[in-house]
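*Asks:* Now for the letters of each chain:
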Amino acid sequence: MAENNLNDWLNAHGDYLYRFALARLRDPHLAEDAVQETMLAAIKNNSFEGDSSARTWLTGILKHKIIDLQRKQIREQPVSDVIDLDASEHSMDDFFDKSGHWLDKPQTLDMPDNALEQKQFLAVLDECLSRLPKKLKAIFMLRDVHELDNENICKELDITATNAWVMLYRARMGLRKCLELNWS
Amino acid sequence: MFTCKQASKLISQSLDRPLTWPEKIKLRLHLFICDPCTQFKRQLMMLRTALHRIRYGIEHDSTIKLPLDVKNRILHTIEPDQE
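Protein chains in written order, with the numbering used here: chain A, 1 to 184; chain B, 1 to 83.
Hints were generated in silico from the structure; no laboratory data involved.
The model shown is predicted, which means the values in this text are computed figures rather than measured ones.
Ideal Cβ placement from N, Cα and C applies to all residues, glycine included.
Hints are supplied without guarantee of correctness; some may be wrong.
[As the list claims (entries may be wrong)] Label pairs and their in silico Cβ distance ranges:
id, chain 1, residue 1, chain 2, residue 2, range
1, B, E59, A, G100, 39 to 47 Å
2, A, D104, B, E59, 31 to 39 Å
3, A, L181, B, T49, 18 to 26 Å
4, B, W21, A, Q120, 35 to 43 Å
5, A, D149, B, K24, 14 to 22 Å
6, B, I33, A, N182, 29 to 37 Å
7, B, K24, A, K44, 47 to 55 Å
8, A, H29, B, I25, 17 to 25 Å
Work out the full structure: start from the sequences and follow the hints.
*Replies:* Next comes the structure, spelled out in structure tokens:
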């Protein structure tokens, strides 16, 4: 019975779940792992009631697995990577003068229009993300890629809302500067 | 004095929380007279929209499929537990 379910689920929803994971994790191997763990959890703990669609139910499990994988990546980072918020505030001096004016005026960033441009944009963005402190990268991914709400981000990363806002600000500031230099 | 530095913080936070009315008014007045901050706001919007479109694009790209060997691996990994 369970095996039939598994086979059916993979046939009917496997591709969808894989694309869902790939769109968020962007790494084929991580996306495969996420789908596998989702199926394992679904078989082990078959709480599917049939009052929602199997796809909705499986996607719900997958969302948690994706965030678990993202969080695991943060935990694997060395302690020295943990962001010092005071230092973070200080480094805003790179962007503003003492009176709070922009040192370099923000420039136009072109929207990637077609699939090819999107691919190029992603490559630049991934490079820019890799230059951020790991925790900033993680919080940016959770907020702007996974579109997790702030309450859940604070719970996942065990930080306050104020910390989250400061970190997201810092991440976005760094990213848009990096994109100015490397994109368009 | 409401500076560009303060305005940029509120612009970023407006993506994460509803701003208070005083904050909204301060920011709107500032953006009305400040081109660099308006441009910064556009940059953040562009970044968010681009990410959203890319995600949507991958999610709806029917040429992307769960590789067959991965599917078989999943079946084989999970089946022995059922026996």
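*Asks:* Give a verdict on every hint.
*Replies:* The hints, checked one at a time:
For E59/B and G100/A, the Cβ-Cβ distance of about 41 Å falls inside the hinted range of 39 to 47 Å, so the restraint holds. Separation of D104/A from E59/B is about 36 Å and conforms to the stated range, judged on CB atoms against 31 to 39 Å. Distance hint check: the CB atoms of L181/A and T49/B are about 20 Å apart, consistent with the given range 18 to 26 Å. At about 41 Å, the beta-carbon gap between W21/B and Q120/A stays in the expected band of 35 to 43 Å.
For the pair D149/A and K24/B, the supplied restraint of 14 to 22 Å holds, since their beta-carbon distance comes to about 20 Å. Here the CB-CB span from I33/B to N182/A is close to 30 Å, well matched to the stated 29 to 37 Å. Take K24/B and K44/A: their Cβ atoms lie about 49 Å apart, and the range 47 to 55 Å holds. For H29/A and I25/B, the hinted distance range of 17 to 25 Å is not satisfied, since their beta carbons lie about 49 Å from each other.
Against the hints set out earlier in the document, a violation occurs for number 8 only.
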